[in-house]
Amino acid sequence: MRAGPLSNQKVISLLNEHFVPVYTVNEEYTDKGSAPPEEKAERNRIFQEGHAAKLSVGSVHVYILAPDGHLRDSLHVAKAAQSEHLMAMLEKTVAELKVPKGKPVVAPVTQSQCPPSPPGSIALHLSARSLDGRGAWGDFPVEDWIVLSSDESKRLLPGADAVSIGATWEIPREVATRILTHFYPATENNDVSKNVFEKQSLKGTVTSVENGVARARLTGEMKMAHSFYHKADGKTVEATVIGFIDFVPAQGKVDSLKLVTDEATYGGGKFAVGVRLVR
Amino acid sequence: MNRAAQSVCVSAFLFAAFAGAADRQSANKDFAWVQARVQEIAVKPEERRLDEIGWAKDIREAKRLAKETGRPVFLFTHDGRLNIGRC
Numbered sequence: 025m026r027a028g029p030l031s032n033q034k035v036i037s038l039l040n041e042h043f044v045p046v047y048t049v050n051e052e053y054t055d056k057g058s059a060p061p062e063e064k065a066e067r068n069r070i071f072q073e074g075h076a077a078k079l080s081v082g083s084v085h086v087y088i089l090a091p092d093g094h095l096r097d098s099l100h101v102a103k104a105a106q107s108e109h110l111m112a113m114l115e116k117t118v119a120e121l122k123v124p125k126g127k128p129v130v131a132p133v134t135q136s137q138c139p140p141s142p143p144g145s146i147a148l149h150l151s152a153r154s155l156d157g158r159g160a161w162g163d164f165p166v167e168d169w170i171v172l173s174s175d176e177s178k179r180l181l182p183g184a185d186a187v188s189i190g191a192t193w194e195i196p197r198e199v200a201t202r203i204l205t206h207f208y209p210a211t212e213n214n215d216v217s218k219n220v221f222e223k224q225s226l227k228g229t230v231t232s233v234e235n236g237v238a239r240a241r242l243t244g245e246m247k248m249a250h251s252f253y254h255k256a257d258g259k260t261v262e263a264t265v266i267g268f269i270d271f272v273p274a275q276g277k278v279d280s281l282k283l284v285t286d287e288a289t290y291g292g293g294k295f296a297v298g299v300r301l302v303r
Numbered sequence: 113m114n115r116a117a118q119s120v121c122v123s124a125f126l127f128a129a130f131a132g133a134a135d136r137q138s139a140n141k142d143f144a145w146v147q148a149r150v151q152e153i154a155v156k157p158e159e160r161r162l163d164e165i166g167w168a169k170d171i172r173e174a175k176r177l178a179k180e181t182g183r184p185v186f187l188f189t190h191d192g193r194l195n196i197g198r199c
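The listed protein sequences derive, respectively, from chains D and C. Heads up: the first sequence begins at 25 in the working numbering, then just goes up one per residue. Heads up: the second sequence begins at 113 in the working numbering, then just goes up one per residue.
If you are wondering where the hints come from, they were derived from the structure by calculation, not from laboratory data. Everything numeric in this text was worked out from a predicted model, so none of it was measured. Where is the CB? At the ideal position from N, CA and C, for every residue including glycine. There may be inaccurate statements among the hints.
[Claimed, not checked] Sample of chain D residues with no beta-carbon within 10 Å of chain C, all distances over it, derived:
id, residue
1, 31
2, 89
3, 196
4, 210
5, 259
[Claimed, not checked] Covered, in the sense of this in silico footprint (three residues per stretch, anywhere, with C-beta under 8 Å from a C-beta of chain D), are these stretches of chain C:
id, stretch
6, 153-165
7, 172-180
8, 188-199
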């Protein structure tokens, strides 16, 4: 949907000019999901109305609600993902309800936002993209936000008394894992708890110390089992990584972090990952 | 030196040369290279066109706005996270 209709100018215009668009994440609406009970109840109501009206109902669907909130139409994602089918549905709705053209009801904002992070923590933004369209989806790059706690961010660093040019240290495995487990291109499976590292290392080497700020070069490698779909398929990520971290040894504070894949492969294709500290 | 030993020596020399070349290649990738590479890989605005759509926060907000404006709601339910593309 994102690469197809939701990137189509005509669809974008139709949604902004005639509808109130909204999307929901199914995982948040399960019994244990984070959505409030009233939200879950609303989604369930829509599904019930769909069943009662013998419309297509399912977890990955487009639903059109009338201005009074009741369901009037639906489309399975397999069809909705084809722009011409979705546009036909939207245009039919606009015509039948005689919806006048207007500005977006909600001002468009970037949907990928840095999550809130407690004091002392750092937020990293990761982008991953297929380089050759092989072995992974390549319609658009994917992202992750990684928040490292104050303790985790300190553990990225060597001890303050071990900071001299040429000094090296190994970043603890569990901290490196917090970052490296997201080093995979676009796949259906995004459950990183199922990723298994067969090999992993990330080390720093201090390259300069000036005015109390140290810079270290990061180098690492990884081999990680990550299945494309939600069943084991034996596929692995193999990558070497290079980066730099700037830090204040006396305070155990990370000022800047940039990390990229040097070479990375998955499922017979090549991909790249870039990480930068945002906050 | 017999042929087998010569072969081992040549192989060892080639391996060392290769490893050295790889290290030198990696060492050439300095801060500026990493900085530029991070920018290259980062998601671009044109790759996030869904950001051009004015999305309501949730179904309840969409319903409220629909009632206020007389507009229908377009609801897309999905697995994963559309906003970051991991879906």
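Here's how the hints hold up against the structure:
Not every CB of chain C is more than 10 Å from the CB of residue 31/D (nearest about 4 Å), against its label as outside the interface. The Cβ of residue 89/D does not lie farther than 10 Å from every Cβ of chain C; its closest approach is about 4 Å, which violates its non-interface assignment. Every Cβ of chain C is farther than 10 Å from the Cβ of residue 196/D; the closest lies at roughly 22 Å, confirming the non-interface assignment. A beta-carbon of chain C comes within 10 Å of the beta-carbon of residue 210/D; the shortest separation is about 6 Å.
Interface exclusion of residue 259/D from chain C stands, the closest Cβ pair being 17 Å apart, more than 10 Å. Coverage of the stretch 153-165 of chain C by chain D holds [criterion: at least 3 residues with CB-CB distance below 8 Å; count 10]. Given a C-beta distance limit of less than 8 Å, the hint that chain D covers the stretch 172-180 of chain C holds, as 7 residues qualify and 3 suffice. Coverage of the stretch 188-199 of chain C by chain D holds [criterion: at least 3 residues with CB-CB distance below 8 Å; count 12].
In the structure shown, a violation is registered for the earlier hints numbered 1, 2, 4, in ascending order.
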